[in-house]
Amino acid sequence: MPANPILSLQNVWVEYGDKIVLEKVDLDIQPGSFVSIIGPSGAGKSSLLRIILGQERPTRGRIELDGAPLSPECGPDRGVVFQKYSVFPHLTVLGNTMFGLECAQAPLTARLFGSARRAARAEAIAMLQAVGLGDTLDQYPAQLSGGMQQRLAIAQALIKRPRILLLDEPFGALDPGIRADMHALIRTLWRDYALTIVMVTHDLREAFTLGTRVLALDKRRHDPHAPHRFGATAVYDLILDKKSDPEEAEPKAILSEEITLSQESA
Amino acid sequence: MRWVNRHLRRSERIALGALPIALLLIVYIVMAAQRHADNPMDKILPLPGAMAQAMSLLIFQTDQLTGQIIFWVDTLASLQRLALGLGIATVISLVVSLLLGVLPPVRATFGPLVTGIAVIPPIALLPILFIALGLGETAKVALIAIGVAPVMIRDITAHIAALPAEQIVKAQTLGASSWQIMIRVALPQAMPRLIHAVRLALGPAWVFLISAEAIAADTGLGYRIFLVRRYLAMDVIIPYVAWIAFLAIVMDATLAYANRKAFPWAQGASH
Numbered sequence: 147m148p149a150n151p152i153l154s155l156q157n158v159w160v161e162y163g164d165k166i167v168l169e170k171v172d173l174d175i176q177p178g179s180f181v182s183i184i185g186p187s188g189a190g191k192s193s194l195l196r197i198i199l200g201q202e203r204p205t206r207g208r209i210e211l212d213g214a215p216l217s218p219e220c221g222p223d224r225g226v227v228f229q230k231y232s233v234f235p236h237l238t239v240l241g242n243t244m245f246g247l248e249c250a251q252a253p254l255t256a257r258l259f260g261s262a263r264r265a266a267r268a269e270a271i272a273m274l275q276a277v278g279l280g281d282t283l284d285q286y287p288a289q290l291s292g293g294m295q296q297r298l299a300i301a302q303a304l305i306k307r308p309r310i311l312l313l314d315e316p317f318g319a320l321d322p323g324i325r326a327d328m329h330a331l332i333r334t335l336w337r338d339y340a341l342t343i344v345m346v347t348h349d350l351r352e353a354f355t356l357g358t359r360v361l362a363l364d365k366r367r368h369d370p371h372a373p374h375r376f377g378a379t380a381v382y383d384l385i386l387d388k389k390s391d392p393e394e395a396e397p398k399a400i401l402s403e404e405i406t407l408s409q410e411s412a
Numbered sequence: 015m016r017w018v019n020r021h022l023r024r025s026e027r028i029a030l031g032a033l034p035i036a037l038l039l040i041v042y043i044v045m046a047a048q049r050h051a052d053n054p055m056d057k058i059l060p061l062p063g064a065m066a067q068a069m070s071l072l073i074f075q076t077d078q079l080t081g082q083i084i085f086w087v088d089t090l091a092s093l094q095r096l097a098l099g100l101g102i103a104t105v106i107s108l109v110v111s112l113l114l115g116v117l118p119p120v121r122a123t124f125g126p127l128v129t130g131i132a133v134i135p136p137i138a139l140l141p142i143l144f145i146a147l148g149l150g151e152t153a154k155v156a157l158i159a160i161g162v163a164p165v166m167i168r169d170i171t172a173h174i175a176a177l178p179a180e181q182i183v184k185a186q187t188l189g190a191s192s193w194q195i196m197i198r199v200a201l202p203q204a205m206p207r208l209i210h211a212v213r214l215a216l217g218p219a220w221v222f223l224i225s226a227e228a229i230a231a232d233t234g235l236g237y238r239i240f241l242v243r244r245y246l247a248m249d250v251i252i253p254y255v256a257w258i259a260f261l262a263i264v265m266d267a268t269l270a271y272a273n274r275k276a277f278p279w280a281q282g283a284s285h
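Respectively, the protein sequence lines represent chains A and B. For the first sequence, position 140 (counting from the first letter as 1) is numbered 286 according to the numbering used here, and the numbering increases by one without interruption. For the second sequence, position 120 (counting from the first letter as 1) is numbered 134 according to the numbering used here, and the numbering increases by one without interruption.
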């Protein structure tokens with residue numbers, strides 16, 4: 147049964163001056179889905195993520211979260227993990243994770259004391275254990291590897307129980323081995339916490355192995371004399387059937403097919 | 015081997031660093047001795063013995079007029095003015111930079127004003143301060159504060175504004191308000207830069223202190239130097255200048271040490 151979409155974009159345009167980045171994007175995202183967004187560089191993948199995040203306002207169009215218009219500002223209902231700079235360098239692992247709880251419970255000082263602090267600490271530690279950082283509570287991000295920093299960024303975001311988790315090329319800077327570990331982690335978290343995830347990536351394999359739905363952004367039309375006058379939109383929207391374990395699904399067949407598709411469109 | 019690859023051991027670095035200083039001292043002593051061979055009454059390049067004698071009077075003996083020990087009174091007066099001026103400038107800089115750096119409307123409103131004030135040579139304001147605040151301590155402290163604060167504000171504001179946008183966005187997705195971003199994200203990350211800015215401001219602060227004391231004061235290291243200049247008392251001026259240099263080095267080293275100890279997360283990172 148098709149549930150109401152958790153996030154809905156209707157006729158969304160993003161323009162910078164006379165440069166059109168996204169045109170006429172219509173998109174409904176169902177709760178519990180894992181949407182991968184792929185596309186060539188400059189196709190507006192990150193712009194799409196930024197308007198969902200509330201960091202930027204669309205030039206035209208309407209965005210609804212749970213049926214209500216999205217406030218044009220970032221908020222705790224949408225969590226985010228960037229490729230870099232996602233954690234606070236001056237806070238320890240535990241401090242980074244508790245930050246979201248402290249902001250919500252102490253508007254003036256943004257710090258907790260006594261039993262409230264103990265409760266937040268326990269919740270943060272449980273979250274950190276879920277992402278495999280239970281042994282590095284008092285380290286600063288600079289002391290962590292890239293993969294551990296991203297684990298921390300995920301824990302930091304998830305502790306707010308966001309309606310949607312947005313990932314902006316979260317594993318792009320990691321080694322292949324670490325990246326595989328992170329894939330396993332994010333898949334587990336997605337299942338255990340019943341998350342709705344939108345992930346921008348340039349890695350096709352990653353998009354297909356993780357996603358339940360793959361969205362390819364590209365320009366439908368191309369004017370060689372004014373390439374900036376046409377924006378990108380969703381040219382492919384593939385719903386992947388993942389009844390079996392996603393690792394045993396057949397992403398490879400789709401993958402090779404999609405590579406030729408995207409090469410043609412590029 | 016290329017010079018860019020010649021890395022030195024600690025002991026070698028210390029020895030090499032001491033070399034030019036020792037050379038300079040030797041050159042001075044040789045020149046002073048030469049002048050004294052020509053004219054035993056020479057006052058321009060006093061010998062170390064003469065300096066020690068002149069200074070011992072100021073350091074150990076109470077002045078008959080004031081009943082105080084001049085050297086320590088001067089030092090205390092100067093340090094007090096410097097600490098007050100720098101302290102006020104530091105607090106103002108931190109608060110203003112946080113507001114300017116984090117809140118775009120505040121930056122748009124007051125950014126040009128701060129830039130405008132920063133380009134005024136502070137010494138040019140000294141007459142205004144003396145007229146407005148009198149010749150007492152207030153004008154001297156104000157000169158130091160006004161002299162160093164604008165540069166500090168611009169530096170720290172730029173540092174805060176250059177914090178990665180991702181961090182500010184992330185803080186908002188974690189529910190932080192503007193105020194919470196200011197005190198929990200921007201403030202702690204501004205602190206190492208603030209201490210660094212104070213270190214850099216020490217030089218100008220001393221310039222403004224000595225200038226203010228030279229023009230109107232009755233105690234202070236700068237006052238003394240300019241007072242005894244009338245008698246060509248190089249045997250007092252040179253030790254006083256060396257003492258000022260020593261005080262400045264101690265302050266700088268203390269701040270550098272405090273920065274390393276207090277903000278371990280900031281070591282080796284630009285942010």
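Derived from the structure by calculation, the hints contain no laboratory data. Each hint should be verified, as a subset may be incorrect.
If you anchor each label on the Cβ, the simulated ranges turn out as follows [stated by the list, open to error]:
1) B:Arg27 x A:Pro186: 49 to 57 Å
2) A:Lys230 x B:Ala29: 38 to 46 Å
3) A:Ala288 x B:Arg243: 47 to 55 Å
4) A:Ala288 x B:Thr152: 40 to 48 Å
5) A:Ala288 x B:Leu149: 36 to 44 Å
6) A:Pro186 x B:Gly125: 33 to 41 Å
Every residue gets a Cβ at the ideal spot worked out from N, C-alpha and C, and that includes glycine.
* Please name the hints from earlier in the document that this structure breaks, with their numbers sorted from lowest to highest. => 5
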